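Asker: Two independent chains are provided; combine them into the complex using the hints.
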Amino acid sequence: MGKKAFLVDADKCTSCKLCVIACKDEHVDASYAPWTGPQPDTGHFWVDILTHERGKIPRVKMTYQPLFCQHCDNAPCIKACPEDAIETRADGLVWIDEKSCTGCGECQPACPYDVIFMNGALGVAQKCTGCAHRVDEGLLPRCADVCPHDAILFGDQNDTMLADGPDVKPREIYLPEAETVPRVFWRGLPKPWIAGSVIDAARDEIISGAEIVATSLDDDSALTVKSDAFGDFWLRDLREGSRYRVDIRAPGYLSVAEAVTTRGDQDLGTIALKAAE
Amino acid sequence: MVEKKSKKNFYISHPASGLARSNFPMVTEVADGKILRSLPFHVPAETRLYEIRTSRGTFVRPRKEVQMPLAIAHKKRVHSDTRVRYPLLRDGWSAKNPNAAERGKNSFSRISWDQATDIIVEQLHSIKEKYGSMEPVFVQADGHGQSGYMQSLHFWGHYLFDMLQKKKGWGWWTQQVRNPDSWEGYYWGAKHVWGFDQSLGEPFQDAVWDDVLEHCEMVIFSGNDPEATGLGMSGSIALEMPKWLKRAGIKIVAISPDLNYAAAVHADKWIPLKPNTDPALYLGLAHTWIVEGKYDKDYVRTHTTGFEAFRAHVMGEDDGVPKSAQWAEKITGVPAHTIRALAREWYSNKTSLSVYFGGAKVRGTLSHLSTRMEAYVLSMQGIGKPGRQFLRTGAPSFYKKDLAQVPRYPEVDFKGLALNPMIEYAIGKAPVTPVFVPRTLAAEAIQNGKVRWKSTTSALAKTEDQFKSYRYPPTDDHPGIRMVWNENGSQPGSWGHGLNWLAALQNPKVEFVLGIHPWLENDLPFSDLILPAQTNYEHEDLIVAQRSEILGMFYQEQAIEPVGESRSDYEIHRMIGKKLGLEAEFPPVDDWLKKAYDGTIANTKHGLSWEAFKEKKYIVYDCPTWEEWVEIKKQHGYSEHRGGMAWYWDKAGGLDTPSGKIEFVSSLIQKHEPGNTERPPLAKWVEHPESLGTEKSKSYPLIVMSNHAKFRFHVQGDDISWIKELAKVRGPDGYMYEACWINPTDAAARGIHNGEVIKIFNDRGVVLAGALVTERIIAGAVSIDHGAKMDLASLNNQLADRGGCINLIAPVPGEKYAKGAEIDVPEMNVSGFLVQIEKVNPKDIIPGTGVGYSARVAAE
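Top to bottom, those sequences are chains A and B. Just so you know, we're using the working numbering here: the first sequence kicks off at 1 and counts up by one. Just so you know, we're using the working numbering here: the second sequence kicks off at 1 and counts up by one.
In isolation and in its complexed conformation, chain B is listed as follows (with noise of 0.2 Å):
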């Protein structure tokens, strides 16, 4: 129970928290059961901070550490109209006739916990019974939805069919694989150029800010935005990083259709280019260097294979095309004078390429290519040379070899944070069970019945997975998905073809869909049973800030009461647990987190019990001070003003490649799949079924570049009022809607101006959205960011989102295939693909007839 009493402080998990990591804390204000406000942490003045020393300057952070606007306006989420706040059953659902086709239409009904855990449980009984075991159980659990340490992370599915497994013996279940979303186009891509198996193909970045602070000339941000996600998922550090270049003096271009919110204020330099063809760019700059010989001979020489390759595609000496800058400015948009401009200006000048994680560019359709001609361009540059770096403006803090990216204490990385095993479930070498489906391939193994693909997508997996060939359902008479296991509604809005997953949720096959969420939001009403999830201001949890470039680790408080019969995540699964006889697996919370928290060095080194820490309520552990980080530096090979790839220029060898070196043609790709067009051993330009210039585009001549919302958290966060008026647009009618960003030739072309209203449309569907006329957005491209709230709605007789969420008619990776034929990527592509566009007259469209939005909940 909530103590009652005047104003107290709690600290509060961040909502964009995923995966148990956290950023710093928020310090929530609480009166009387009333969230106030909240502020932004400041470190204690106990807590040393680091200094990066340079000949340009020393770098400190501030100790005031804030977060996303979201994060301040989660508050209003708590009681939103929304919020499930009871188990809730679907009126036409009944176990005899789950009424599959009605799912999204009917309305829902209020039962008790107990009526609701006893469905769940005879279902999975009548499951086991039918089928043998819980193979045709598919529980996706995943982040991207307010994710705490342990009480609201949605891997307790996960666990619960793996503990019936192994404790039960009730057999395999079916786990969603989560693809690697953030770092697509590298882990399919610059794997296969110079390994990082480990940091899903980007390079380490031990100490990379002494390099790139003493000796940097040139930072390419390479779609990256800081401004834009740093916040969400880093703090106060994303922002402070991209003016430590300014500060020392570093000339920032910025590669991107978009002027995002970094390059608007921070880019010198903005080369807008047409989206996902900067592979063909960086062929034109290759061309430039070879032509005026101004690359690293020698380094090309020592640190690579294959180059003699590459460099006769980019003269064109295979296939009859010199990749000139001329040539290049076809494809990019890109004058050819730029390019030329940038390749003398990268060649002159200490150039490092920075990312934050990979953004719009390594999602798209054979975005692998990007990647891996971005490793070449940066090879034939020596990376790892002073001031050559690839740089990351974030802080998750597992990108290294063996010192973190910023002075840090190696004992704090690696025994200072209490680790959630959970996480291993999202972040894993393999799958825990055999039977599984990638994230990017759910609705198909839905609707299709059968698909086959390569690589389990599993985040930490060897490069050889790549080329390992997986199926679903594992022998042609399973039975395939039968039950759904949905923990936080954020497929249809951050995945691909999302009306095709809401199709696979109407699917007669699937005879139950559970969800559990604190909101009835996207694909929730696609339920038969909703159960009422938590936020982190209803229940006690650990707060582990891994996601900062300082670390932490916080006690939060319960700060209000539960909203209705809510449960956390870890309670409902609990509960669930308890009536399957797995009550032993799921020991109180607080015995949970004591035993995480008690290997700590807050606890060994420190002496801060477990009961004293939530006295305390925080730790914020020491960095060292400079001398000492030059010792410990020095320990392990680097000196003063060296990082990031630094090891690598001294040893030319110990990448996870086969040859160990920087590999311009893959030898796993060569021995594998010598034939691959789609990603041939040495990567290419390859025009592929969503580029200007198919068939297709002459039909839907403009392409879409989706980014991250800057103040959405994925799908979360736009029944927040406050938030849709940061960033909607609000149409004649009054509605707001998504805004998208058109050219002013190409809104001129059709008739569009500013406010108005306008369908993007293509082969899967219609979404609607608000015109934002601007130059901040190449000619040929529109940008709209991913993970609106859908709001279906009709439009002349015709399903059309009216929220905006541009994810619902994106592509799905198999569609570069014939149908049944094996995926050999399947791949994330959900930016760079073909639309048109038309103006729309709003009276035109009908509100909340499409499907799923028929669905209100009956009675509280």
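This is chain A alone, in the form it adopts within the complex (with noise of 0.2 Å):
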């Protein structure tokens, strides 16, 4: 059996939830032994949306991120089970042995993804298994099934659908520091921008094309973007954590500058150019 992977584009989910409302409609009230017993009606979300609200009004966006099982190949639950209850097919979908499973609840912290339920009712520990009993059947999973934007793609995992091509942004992976070795990869997982938008306050005009650049004071390397035709601007894709500084240029105007450091979106506001004497 070949191994088999996900990969997830957080910029294509529009948080539709057809993938959480399938889940449950395959899951609850139904078995599919040994991969997995019946979800309980509500409180487990197998694939659930995780919501990124972004920026100050109004340069606010949303980054939605569908979050199932990572079907690690270096699984931390595995390791945590004292059971030895969770296992990986030989298609690399990790399980829960239900029959093994005594419900401590040991795996769910040592996930961290976070992506593990327990069961009161049935006294186990509960997750994705990536629709085990339908690869079976060479059905995709459910939520890779009902997906209307292929934000949620399902293959073999040397399929080109799921690899690095020339128009694509680069696979990630959810949680590197975990090194858990996980077959879904990702695109699109947000990272930290600096957001605002230049006016001349005395005019009361956005200005466009004025040149924003963000430096690095960790490692000097510098990224440029204009703002727009709405005066607003992006630097987008920094670094979580990093400090920068900010320089807003306009030519005819005085230029400002900022330290920004990026603990998550930071948004300087709408920033005044005053015009050069």
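Since the hints were made in silico from the structure, they are not lab data. Just so you know, these numbers come straight off a predicted model, no measurement behind them. A portion of the hints provided could be inaccurate.
Using 35 Å as the maximum straight-line C-alpha spacing, the simulated DSBU-like pairs for lysine-lysine come out as follows [unchecked claim]:
(1) B:Lys579 to B:Lys698
(2) A:Lys226 to B:Lys251
(3) B:Lys251 to A:Lys12
(4) B:Lys450 to B:Lys684
(5) A:Lys3 to B:Lys243
(6) A:Lys169 to B:Lys251
(7) A:Lys56 to B:Lys724
(8) A:Lys226 to B:Lys166
(9) A:Lys56 to B:Lys579
(10) B:Lys246 to A:Lys169
(11) A:Lys226 to B:Lys385
(12) B:Lys294 to A:Lys56
(13) B:Lys7 to A:Lys99
(14) B:Lys450 to A:Lys12
(15) A:Lys12 to B:Lys76
(16) A:Lys274 to B:Lys251
(17) A:Lys12 to B:Lys243
(18) A:Lys226 to B:Lys243
(19) A:Lys3 to B:Lys7
(20) B:Lys167 to B:Lys468
Answerer: Following this line, the structure appears as structure tokens:
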């Protein structure tokens, strides 16, 4: 059996939540032994959408991150389970053997992605199985099957559909520091931005084409963008927790500089430039 | 009977289907009477899809067709706790003493179908004997609930009374006329600028995507949110169309008080404005264009009338107030520099404006001014020029002059689908009976005893109809409404001032209230008799996929046994009709469906007989190749990449307006109501009782915007635990409250934190909600979706809806007028109204003691 993998693209997800409902449709009140028993009616989200509200009015955007078991090759849950009840299939999907699981709950905090749920009624831990029962029949997991945006793709790990290519952002891993070697790859994971708008307050007009330069105080690398037709700018895909010097310059105006640390997205608000003498 | 055997697939109508028109169906697996799962439909490989070929790429649609989460979750409604399983009679009711005031408080007892239909027939006879006709029967019937093609359609009440009049001579009945709810502002406003009577004031969409995808550079999403309601009303294509825009490199600017679901992921720029202040924003744009000379002066001269009056008003020559960007900033909350930047971008880029239907923007007080002003600014930039169009990012296919919005054979449009004549009761040119009440005035017609208004409010009525006077009751000695025939329970949660509707149902003048619905919810507990209707899983039907951009038909087999003694809406009316001697008017279902099907090209051209179709279960029509489409377009006067209003650009005439042109000063309003200040001949910014800055706004300083919910469909879905989990806010008391978006500054000023319980109130009542503190709503406004399931409770001895049904305290059109005065514009104004908000201690809430929700089913 070939190894499987997922590719989740947060840039494509619009949070329609069809994956969430399809997962419930598939698993609530239904058992797929040995891979999983029934999911409780509520409280479990074997796939859920992490919602990132970003920025300040009017520079607000949403990034949505469909999150489910990352089916790790180096799964912390497997190591944490005292009963050896969590196993990896030949295709790489990780599942909890409910016959062996005692519901002790040790696996839950061990998971860095927080995607394991306790089923009190059955006395077991449960999570996404990658729809192992469907995969065995050559079908897609329900979340990937229903997604109208191809934000969740599933296939053989070497499938070109899941691979890096010339026109797409390179694949990433969610929480790489956890060193879990997951079988879920990502695109579009949110990274901090610095945003703002540039205006000429004296004339009460926006300034488009202003040059905004973010210079890293950590390694001197620099990123430059221009303010758009509404005076707005976004310096995107910055490093979390980095220090930047942000220079805002426009011909005929006095420049402004600010020190910014990217603890999450940073909004500089409306920056009023003064005309040079 | 349903054959009990192992797993089988069924095509099941999407539950948000309305008016016999549907999306593509769900593919539902059923085994041993249990609904297992619902999967996407895949357009079969044998069907040829269209391509839109442009210099920016070729645009296609996916074969996978998904439906909204509610559709998948709908299986849980089949056996939900609120399901009505048997005919239920209210315990306090008797023919001699209806005990009207106890409606909503009493329990119910199970009776037999025979007893139930006998009671109804007796009640109708009693009305006839006492009052001489069926005029005292108010027959609601509408969409806005689970609705299929025939069996679960909501117009059989209208049909039954129509037949009683026509075949039995029982006289007229009172028709509740569906107001143009999804199009309100366009219907009452834009029609006076550019007509489009046939598409309720929104311009035709003929081949519009060819034009937009080839030429357009910027699209204004004016409150447009296909991500919220698109799946429900059009299916997958509504999610595809915004992606086409992005792929074509078209910039998206969203103008809306909230960062709605489409703006949140698609907009390059969000311009938040105070709810329903769009007219002021448009005036600020026009001012900038006029001052800077940035509009199409030639087009204005050749294609419009009355521009000089508009120009003079914009410049303040008539009232001394220039409608500058600074002026607009004060009203809209949008910085003047942003308004001017938008004006310049709009002028220098080929800009189209898009809506889905219209959304909250067109359902506010005086929202007819917004849409007229919108038509003005689109006209100033030459609507119909390449890339300058009015664009609907959704699918309903009747928005056309000659051609569909994407490549489709005209023959398929006109003869491909089985029409259900019943929809004319909802989307008609006029009411069927001369005795009628617009749905926006339903409660007043009962409570006030007399209402006068203008317009039939019929969807397809000519604009002139808006100046005709009507009244209810028709004469002063008329008994008025004595009986209510309620087929979907959506009145309190979808229309204005729902609390007054509930009070109307308890009015002692009303002798009998019949409810026909699958669930005991919303205003259904206020019935005297409730008949158990079915879900779409429980009966055969046709599914007519017309609310998509490709068309097809499906055969829905009965998938499971009926729950309890439920019957389909059609069967229920058939049973009643039989006891009234109307058996011949209600033929067997299969005969009725066959007749509807037989005239389509599926049968007449493709040779798929009704029996063969039932075997095959579907037909999805081919689309033309691009070459064929270009040829079809040529025959209708469009070149390869032209469409939308291109014909008007070419012709400079031919609109439904008296002049045939775009009218800045409406010649009809000028003729009929030259002195109307609410809807003046030239649209202006008019302050009204629900505006910020009024005396009332000192007590109620926040303005509610109310969208359609993303996961409910109008009032349905809140009884599904999965749907609740998606959208509700779990309060500190564990109750799942309806989410109310509030800006951090407004929350902080009231000591409100995320997740806390709040009360939203005004003079009309109190609604409880869960605070969702967010940057997604402009300060001074709050956002709460319409149609939450009512759950009446008590807060400090005051009736409060814990369910969060905001329509209970929304305005009604008559409030703007003196009591008894004629209502010039009976608009539906359920968004953009004033409230105050306070934090609530959940301990002060006493559940279930309020009117209506002490009602419980006594016995099964």
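Asker: State for each hint whether it applies.
Answerer: Hints, verified against the model:
no. : hint                 : result
1   : B:Lys579 to B:Lys698 : violated, 58 Å
2   : A:Lys226 to B:Lys251 : holds, 16 Å
3   : B:Lys251 to A:Lys12  : holds, 17 Å
4   : B:Lys450 to B:Lys684 : holds, 31 Å
5   : A:Lys3 to B:Lys243   : holds, 32 Å
6   : A:Lys169 to B:Lys251 : holds, 21 Å
7   : A:Lys56 to B:Lys724  : holds, 28 Å
8   : A:Lys226 to B:Lys166 : violated, 71 Å
9   : A:Lys56 to B:Lys579  : violated, 64 Å
10  : B:Lys246 to A:Lys169 : holds, 17 Å
11  : A:Lys226 to B:Lys385 : holds, 31 Å
12  : B:Lys294 to A:Lys56  : holds, 32 Å
13  : B:Lys7 to A:Lys99    : holds, 27 Å
14  : B:Lys450 to A:Lys12  : violated, 54 Å
15  : A:Lys12 to B:Lys76   : holds, 29 Å
16  : A:Lys274 to B:Lys251 : holds, 30 Å
17  : A:Lys12 to B:Lys243  : holds, 10 Å
18  : A:Lys226 to B:Lys243 : holds, 25 Å
19  : A:Lys3 to B:Lys7     : holds, 30 Å
20  : B:Lys167 to B:Lys468 : holds, 30 Å
Going through the hint list in order, the structure does not satisfy hints 1, 8, 9, 14.
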